[in-house]
Amino acid sequence: MSENIKKKQIDRRWIFLLLFISVALPLIFVIGFPIETTENARLVYGLIEQTPKGSKVIISFDYDPASKPELHPMGKALMKHCFDRDIKVIVTALWPMGVQMAEDIYSDLKDNYPDKKYGEDYVNMGYKAGGIVTIQAMGKNFRDIFPQDMNGTSIDELPILDGINNFDNLGFVFALSAGDPGIKQWVQIAHDTFGRPVSGGVTGVSAPAVIPYVNQQQQLIGLLAGLKGAAEYELLTKTPGTATKGMDAQSVAHLIIIIFIIMGNINYWRNKKAEKKGVE
Amino acid sequence: MKRKIPLLITFLVGVIIIISEFIPHKPFGQISGELEKWYLIIAGFAIILGQLSLFKVNLFKIRHRQKNWQFFILTLLSFILMVSIGIFWGTENHPGIFGNGETISNTIGTKPFDYLFDNVYQNLQATMFSLLAFFIASAAYRAFIARTLESSLLLVAAILVMLGNTSLGSALTGWLPESLKFLHLPRISEFIMKYPTTAGQRAIMIGAAFGIIGSSLRIILGIERSYLGGK
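Protein sequences appear in the order of chains A and B. Here the first sequence stands for residues 1 to 280, where the numbers follow my numbering. Here the second sequence stands for residues 1 to 231, where the numbers follow my numbering.
Hints listed in this document are in silico derivations from the structure and should not be mistaken for laboratory results. All C-beta atoms in this analysis are idealised placements derived from N, C-alpha and C, irrespective of residue type, glycine included. Accuracy of the hints is not assured; some may be wrong.
To be verified - Result set (DSSO-like, lysine-lysine): computed pairs, CA atoms no more than 27 Å apart in a straight line:
| id | chain 1 | residue 1 | chain 2 | residue 2 |
| --- | --- | --- | --- | --- |
| 1 | A | K110 | A | K245 |
| 2 | B | K37 | A | K140 |
| 3 | A | K238 | A | K53 |
| 4 | A | K238 | B | K37 |
| 5 | A | K68 | B | K194 |
| 6 | A | K56 | B | K37 |
| 7 | B | K26 | A | K140 |
Unchecked claim - Derived CB-CB ranges, DEER-like:
| id | chain 1 | residue 1 | chain 2 | residue 2 | range |
| --- | --- | --- | --- | --- | --- |
| 8 | A | Q218 | B | G29 | 21 to 29 Å |
| 9 | B | S226 | A | S55 | 43 to 51 Å |
| 10 | A | S55 | B | I108 | 36 to 44 Å |
Stated by the list, open to error - Example chain B residues on the side facing chain A (calculated, C-beta under 7 Å, incomplete):
| id | residue |
| --- | --- |
| 11 | N93 |
| 12 | G96 |
| 13 | A126 |
| 14 | F129 |
| 15 | F134 |
| 16 | A137 |
| 17 | S138 |
| 18 | Y141 |
| 19 | M162 |
| 20 | N165 |
| 21 | T166 |
| 22 | A171 |
| 23 | P186 |
| 24 | E190 |
| 25 | M193 |
| 26 | Q201 |
Let the sequences and hints guide you as you build the complete structure.
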């Protein structure tokens with residue numbers, strides 16, 4: 001870092017304090033900035049809307065509590081949307097903590113859907129190590145890879161898994177992904193090798209690396225990116241939740257960061273000018 | 001011999017897997033399927049290996065009083081605590097060797113493992129991740145300086161995407177008439193993500209894919225041997 005940039009800089013503790021205030025206040029006093037939906041979020045919504053009732057889908061929970069603020073609201077809104085549309089949900093996890101993440105959402109929702117039964121409308125198959133190879137093996141023989149659910153119930157005793165031998169009878173795969181293994185592997189195997197529709201939700205920071213898969217070949221059908229993607233989906237499904245609430249805080253925090261960037265640049269150019277004058 | 005046998009196994013497995021992609025019939029498809037199962041079993045054992053390695057590395061640091069060795073004691077204690085509680089009283093749906101720990105569960109509301117997971121682990125992870133926001137803000141203030149044309153372009157693109165990805169962006173330019181909607185911040189942000197970013201990412205992805213193919217061939221052909229350890 002050049003001397004110019006180091007000169008007359010704001011103490012980073014002030015930045016931390018202002019950022020803390022800018023995140024905390026909008027969470028307490030809601031501003032209510034408008035939320036607009038992007039094409040990618042509408043594509044995800046359209047995929048679920050077009051999936052016939054009674055279809056079976058895989059939702060893969062490939063994240064841990066660190067990414068919970070961004071991915072959990074997506075998972076909740078998505079599972080709710082599936083239940084509303086009578087779509088049966090098969091949960092898998094390529095991350096060990098993904099199992100608990102899915103259970104957390106299901107336990108939140110099950111009271112609102114008393115007619116939905118575990119094993120018939122929803123099942124959690126638990127965590128499986130192996131990443132991309134696990135997906136490949138699932139595509140060849142699902143029952144070999146998941147002979148029982150996370151509670152140890154045999155796959156033959158779970159009506160939701162009747163007829164599920166590979167990816168053939170699945171409506172789509174939805175990956176909630178915070179990294180590797182995750183959505184890229186689902187695209188490469190479930191879509192590219194087995195030709196099943198794949199969609200997903202990712203953290204804001206990993207979105208640029210995943211967006212290229214949303215293309216004309218429909219390797220990914222839409223993408224929910226970060227907290228905004230979650231808020232957009234909540235808006236589309238008319239179920240405002242934590243993502244919608246968090247958007248105000250995110251907006252103000254981004255604004256504060258932009259203000260600091262502008263201040264940093266003013267500082268830099270002012271110092272540069274002063275240095276030039278000194279030399280002359 | 002010690003090195004030749006692993007090299008031979010790697011070569012055979014690599015070649016069979018590649019052939020099975022083009023000829024997915026007997027015997028290649030079948031062998032490939034079996035190898036996948038082996039991989040999954042090995043991946044399961046890798047988790048145990050990882051835990052043993054964590055234990056060994058931390059113990060080494062404590063024994064040799066390396067810098068901040070006290071923190072490593074805490075790591076090991078936390079590790080032992082979680083593993084022991086999980087083994088003794090199980091997790092949400094699975095009993096442990098001492099059953100379900102009803103007495104403790106009645107006091108704290110859930111099983112001890114789930115209690116620690118929900119109230120300690122989850123919050124610690126969320127805290128660690130949240131702290132990044134503070135460092136990003138501080139780093140952005142110092143690093144996003146318009147020194148050259150390239151850095152200026154990066155700066156402008158970053159600001160547009162940052163604003164476009166928030167509801168503030170919608171509020172700021174939502175009033176624009178239909179003829180000027182292309183200046184609407186979420187649209188600009190979407191455009192940047194959809195075209196320049198995607199183009200750049202694709203170039204990186206294609207380059208990386210060629211790199212992976214090259215590395216894989218080097219490993220299969222025994223040119224790259226670092227995975228065997230030693231020189």
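Evaluated hints:
For the given pair, K110(A) sits about 23 Å from K245(A) by alpha-carbon distance, which is consistent with the 27 Å threshold. Proximity of K37(B) to K140(A) is assessed by CA-CA distance (about 11 Å); at most 27 Å being required, the pair is judged to hold. A threshold of 27 Å between alpha carbons decides the hint, and for K238(A) with K53(A) the separation of about 19 Å falls inside it, so the pair holds. Pair hint K238(A) plus K37(B) does not hold up; C-alpha atoms about 43 Å apart against a cutoff of 27 Å.
Between K68(A) and K194(B) the alpha-carbon distance is near 26 Å, which keeps this suggested pair within the 27 Å criterion. The suggested pairing of K56(A) with K37(B) holds, with an alpha-carbon distance near 25 Å, which does not exceed 27 Å. Between K26(B) and K140(A) the CA atoms are separated by roughly 14 Å; this keeps the pair inside 27 Å, and the hint holds. The beta-carbon spacing between Q218(A) and G29(B), approximately 27 Å, falls within the hinted interval of 21 to 29 Å.
Between S226(B) and S55(A) the Cβ separation comes to about 47 Å, which falls inside the hinted range of 43 to 51 Å. Between S55(A) and I108(B) the CB atoms are about 40 Å apart, so this pair conforms to the stated range of 36 to 44 Å. A hinted interface residue such as N93(B) counts as satisfied when its beta carbon comes closer than 7 Å to some beta carbon of chain A; here the least separation is about 5 Å, so the hint holds. Because the beta carbon of G96(B) sits about 14 Å from the nearest beta carbon in chain A, more than 7 Å, this interface hint is broken.
Evaluation of the A126(B) hint against chain A yields a held restraint, the C-beta minimum of about 6 Å falling below 7 Å. Hint status for F129(B) relative to chain A: holds, with the closest Cβ pair at about 4 Å, below 7 Å. Annotation: interface hint on F134(B) holds; nearest CB of chain A at approximately 5 Å, less than 7 Å. Given the 7 Å rule on beta carbons, the hint for A137(B) holds: about 5 Å separates it from the nearest Cβ of chain A.
A distance limit of 7 Å between C-beta atoms decides the matter here; for S138(B) the minimum to chain A is near 5 Å, and the interface restraint holds. About 4 Å separates the beta-carbon of Y141(B) from the nearest beta-carbon of chain A, less than 7 Å, and the hint is met. Because the smallest distance between the Cβ of M162(B) and any Cβ of chain A comes to about 5 Å, under 7 Å, the interface hint for this residue holds. Given hint, N165(B) at the interface with chain A, holds; its Cβ is 5 Å from that chain's nearest Cβ, closer than 7 Å.
Checking T166(B) against chain A: minimum C-beta separation of about 4 Å stays under 7 Å; hint holds. Checking A171(B) against chain A: minimum C-beta separation of about 5 Å stays under 7 Å; hint holds. The restraint placing P186(B) at the interface with chain A holds, with a minimum CB-CB distance near 5 Å, inside the 7 Å limit. Look at E190(B): its Cβ gets to within about 6 Å of chain A, closer than 7 Å, so that hint holds up.
Hint status for M193(B): holds, given a least beta-carbon distance of 6 Å to chain A, under 7 Å. Proximity of Q201(B) to chain A holds as hinted, the smallest CB-CB distance being about 5 Å (cut-off 7 Å).
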